[in-house]
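Student: Sequences listed follow chains A and B, in order. Residues 1 to 111, numbered by the working numbering, are exactly what the first sequence covers, in order. Residues 1 to 115, numbered by the working numbering, are exactly what the second sequence covers, in order.
Hint data in this document are derived by calculation from the structure and do not stem from the laboratory.
Reference excerpt, derived from the structure (chain A facing chain B, CB under 10 Å, subset only): (1) Phe33; (2) Met88; (3) Tyr98; (4) Thr101.
We put the beta carbon where it would ideally sit given N, CA and C, even for glycine.
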Amino acid sequence: DVKVTQSSRYLVKRTGEKVFLECVQDMDHENMFWYRQDPGLGLRLIYFSYDVKMKEKGDIPEGYSVSREKKERFSLILESASTNQTSMYLCASSFSRYGYTFGSGTRLTVV
Amino acid sequence: AQSVTQPDIHITVSEGASLELRCNYSYGATPYLFWYVQSPGQGLQLLLKYFSGDTLVQGIKGFEAEFKRSQSSFNLRKPSVHWSDAAEYFCAVAPNAGNNRKLIWGLGTSLAVNP
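For reference, chain B alone in the conformation it holds in the complex (with noise of 0.2 Å):
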């Protein structure tokens, strides 16, 4: 069955710290790939998204994301993480054959950033 792993629950940074939340999925051929963001109490926002082509993506916030076929991971990134950052991070991932309309979600990275 397609599946998402975020393989950490909760991490704690330090501001200015770098960040790397990780992400695998279970598919057979290359999906497209999805990172969103929630901040407390809200709904999630995207933060960026890989359907092809160059395999490290940007996206907002600082944030990037490189998509490792090999690996089946797509593993997000940001250099220098602020208080701001603190949130929670969904990988989702939608099959690209088929009509399949639905996104697979992981169970999110809750993250928190000391001062």
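Excised from the complex, chain A in its bound form (with noise of 0.2 Å):
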């Protein structure tokens, strides 16, 4: 079964630590993605990368910033954790445009 796995479920951070987040896909999609969702907005992209190596700035990246060192793993990492970065985190990836698949997510909590 294909599968796109996040590190973690559950997580909490002190303010001011950086965070590592970690997402794994095995389809050797080329695009991924990571979103994050809060009550009442949505899915709300932060990066996505569609090759190794390349970035490229979703609609809030400020704060965060991405890793794509291999084509089966893109990282999500908080520079310096906030509390108004608790949320949930989604990885996604996909081939083309024909849909994407995710990970069961990760709830990050910074206190």
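Please dock the two separately framed chains into a single complex, following the hints provided.
Tutor: Listed below in structure tokens is the structure:
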């Protein structure tokens, strides 16, 4: 069964910490995406990547960075976590524009 | 600008009743169209998709959706809802021109099912 795996389901971090969220897909998909999801705001795109070492800003990139050193792995980095980054983070991958496959999500709490 | 509208934020239906969730999009040409479902605390799962051809598409879990070009709509339906269908439902479109790989998302419709 094809899969997108996010390394943590729940994460609690302190303000100011550097936080890494990892996402791995086993489908050889070219595109990978990071979203955050907050009640009433839907899915908001943080960053996406369409190739190894390539990245593009989404709608809300401030406070985040990403890394894609290998095709299967796309990491989201919170350089200095803040309480307003408490959210559900969703990783997805896709081939061309034929729909996304999502991971199970990481619920991050920054205290 | 391209957009997706899901007019209903919350819907409550009784178990066994029929369901229709609305989705309208704003785009010049026919995009690729998707419906996803999200159970509480989970990621999103693809229910069904439309690329071309027959405008009535069948998906998983007994769902279907109909593409209506004249109304720019892609409404999701189920003839008889089960309690396990309680979830958040998202409509999304992918422009089928150019090199755009990003989906455009609606804000979602939350479905509650009464026993």
